[in-house]
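Use these hints to put chain B onto chain A, whose structure you have.
Number of protein chains: 2
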Amino acid sequence: MSPIYDRVALIGLGLIAGSMALAMRRAGLAGEIVGTARSAETRAVAAEIGLVDRVVETAAEAAEGADLVVLAVPVGAMGAVAAEIAPHLAPGATLTDVGSVKRSVIEAVAPHVPEGVHFIPAHPLAGTEHSGPRSGFAELFDNRWSLIVPVPGTDPAATERLKRLWEGMGANVEEMDPDHHDLVLAVTSHVPHLIAYTMVGVADDLRRVTDSEVIKYSAAGFRDFTRIAASDPTMWRDVFLTNKEATLEILGRFTEELFALQRAIRTGQGDELFDYFTRTRAIRRGIIEAGQDTDAPDFGRGTKARS
Amino acid sequence: MSPIYDRVALIGLGLIAGSMALAMRRAGLAGEIVGTARSAETRAVAAEIGLVDRVVETAAEAAEGADLVVLAVPVGAMGAVAAEIAPHLAPGATLTDVGSVKRSVIEAVAPHVPEGVHFIPAHPLAGTEHSGPRSGFAELFDNRWSLIVPVPGTDPAATERLKRLWEGMGANVEEMDPDHHDLVLAVTSHVPHLIAYTMVGVADDLRRVTDSEVIKYSAAGFRDFTRIAASDPTMWRDVFLTNKEATLEILGRFTEELFALQRAIRTGQGDELFDYFTRTRAIRRGIIEAGQDTDAPDFGRGTKARS
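Which chain is which? The protein sequence lines are A and B, in order.
Residue 1 is where the first sequence starts when you use UniProt numbering, and the numbers rise one by one after that.
Residue 1 is where the second sequence starts when you use UniProt numbering, and the numbers rise one by one after that.
In isolation and in its complexed conformation, chain A is listed as follows:
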C-alpha cells in the first residue's frame, strides 16, 4: 500500500500510539513516523526499541511539517497539548486524537485549531490493561472498531483519508455523534471499569480476608476484574472526570438495578434472580455472533488459553 500520509506525528507514545506506529509500519501507511512523549524515559525507551522513525523532544517539534498529527495523551491533557502545537500545524494538515471521551476533547481542542487545519476526533475501541512505550503491538486494532466523530463543517475528503488510515491499520470504521459516543462508551467501557476498580478495592480493604487469600483463590469472576482494574490510572482518572455526566447517569441506573437484585436476595425471590440471569445470557450470545469475542471457555482458565 502506498503511504496515506507523508509524515505522521504521534504525541504520546503509550499503548495506542505505539500500536498505531507498528500497525502503520506493517501496512506501509506513513512515509515517516515522528513521535514524542512528555517523559524523557518514555522517549528514551521508544528510541531504543525503534518504535517510531524519529523521536523528538517536544510536541511542537513533532507537529512541525506533519500532515497527520495524533493526540495520544490522557484526555485531560489534550487541550494543553493542542494549545502548544497549534502554531506549528501545517496548513491542510489533519489533527486527530484517540481519546476515550469525545465531547470534552472537542471542547478542549477545537478552540485551538487554526484555520485550514482539519480537526477530526476519533476513538479506537481497543486496548489492554498494559501501558507505556513497550506495550504496543501491530495487531491491536485488527477487527476492532474505530469510531470517527467529525465536528460540523469537516472536510469530507480529510475524513475519508483518516478512515482509510484506520482501515489500513486493521480496524472497522464508523461515524458517531460525540454525545452518543460518550453515552455508549459509558455503558460498554467506563462504568464497567469503575465497577471493577471498586470491587478490587473492596477486596483489598477487607481485613477478614487477607490479600493472599484474595489472590490465591481468585478464580471465577474476580480475576477478570483485577485485569480490568490494572488499567492505566491517569487515563482512567481523566475518563471519569471528563465523561462525568454519562458516567453518573449510568452509575445511577446500575445502583438502582443492583439494589433491586439485592432486595431479591434479601427477601429470597429466586424466580426474579433466575429470570434476570437468564436474560443476560442472550447478550453474550449476540457478542459472540458479532465476532467480537470467542466462545472458547477460557473464563478463569489462563492455563488453557496459553496451551
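These aren't lab readings, by the way, just hints derived from the structure by calculation.
There's no promise every hint is true.
Same chains, same label: a pair holds when it works inside one copy or across any pair of copies.
Stated by the list, open to error - Taking lysine to any residue pairs in the SDA-like style, the calculated list, with each CA pair at most 25 Å apart, reads:
id, residue 1, residue 2
1, Lys163, Asp205
2, Lys163, Arg285
3, Lys244, Ala138
4, Lys216, His130
5, Lys163, Gly268
6, Lys216, Ala282
7, Lys163, Ala47
8, Lys216, Ile120
9, Lys244, Thr255
10, Lys244, Arg208
11, Lys216, Gln269
12, Lys163, Val151
13, Lys244, Glu257
14, Lys163, Asp142
15, Lys244, Arg285
16, Lys244, Asp271
17, Lys244, Phe137
18, Lys244, Pro178
19, Lys163, Phe137
20, Lys163, Thr278
21, Lys244, Thr210
22, Lys244, Phe259
23, Lys244, Thr278
24, Lys216, Glu167
25, Lys244, Glu256
26, Lys244, Asp179
27, Lys216, Arg279
Keep in mind that this is a model prediction, so the values were computed, not measured.
Coordinates of chain B only, in the frame set by chain A:
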C-alpha cells in the same frame, strides 16, 4: 496410578461432574464411574458421548454400592438429593459435594448422612461460563484450588483419600472453615458475578443505547462482564440465596466504596481517583505472580487469544 475409589457416583452431569469424569479417567483414579442427572435429556447426551462408564436413571441407583458419591447439583437441590440417596449409601462410603457455598450445604446435607458414611464437603474453584453435559473437559482443575471443608469429627483417612483424588485430577488442595469459605468466595466470586449480571442487565435495558450498539462496541470492559453474566442461572440463583449473609455484607461494602468514588467523580477529586486506581494495580500483579493468570495482554483481545 491405581484407582483411589472402586466406584464413583456422580449425581448431576454438568460442567463440574463432567470434567471430574474426564479428569478421573485421564489419571485412572476410579474403577468405574456411574452418573445420573435429573433431566432425561442430560442423561441421554452423557450416554451418547460416553461421559461416564454407566448412566443410570436415579440418584439412589447411582449411589448404590459406590465408595465415593459426589453431589454435583445446584446448592439449592443438595438437601433433597441427600435425603433421596441416604438409605442407599454403603457403610464406609464417602459423600462429598462440589457446591459453591458450604455452610448451607452442610446444614442441608449433614442431617441425612447415615452413621458410618464420611461426609466431606468440597469446592473446586474452577469453572467456565458454559454448562451442561457437553461442557466438561479433563483440564478444568489443573493448577486450580480445590477447597476441602471438613465437618467436626471427620475421619482423617477418608479426608486424605478425597484429597488424593483432587490432586490426581490436577488440583491443589487446601482445607478451610465453612464460614470463612463463604466469605472469601463472596469476595472473589459471588459478588463479582452479581455485579456483572447487573451491568449487563443495565445495558440491555437502556433504551437510548441499542442492544446492537452494546454488542458491536463491547470492547474493553463490558465484554468480560458478559462472559461472566452468561453463567448458569440456576446455579447462581442458588448461590445468592444460600450465601445470602456474606453476599449482602460484601455488597454493602461495595456500594459504600462505589458511592465514595461516585462522589469523587461528581466533585472532581482527581487525586482520589488516581490513588484508588493505582492501588488496585498491585493486586493484579500479585495474582500473576501467584500463577493464577497470565500477563498476556488479551483483555478485549479475543482474536489475539485465538491466534
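Q: Tell me, in ascending order, the numbers of any earlier hints that this structure violates.
A: Of the numbered hints, 1, 2, 3, 5, 7, 11, 15, 17, 20 do not hold.
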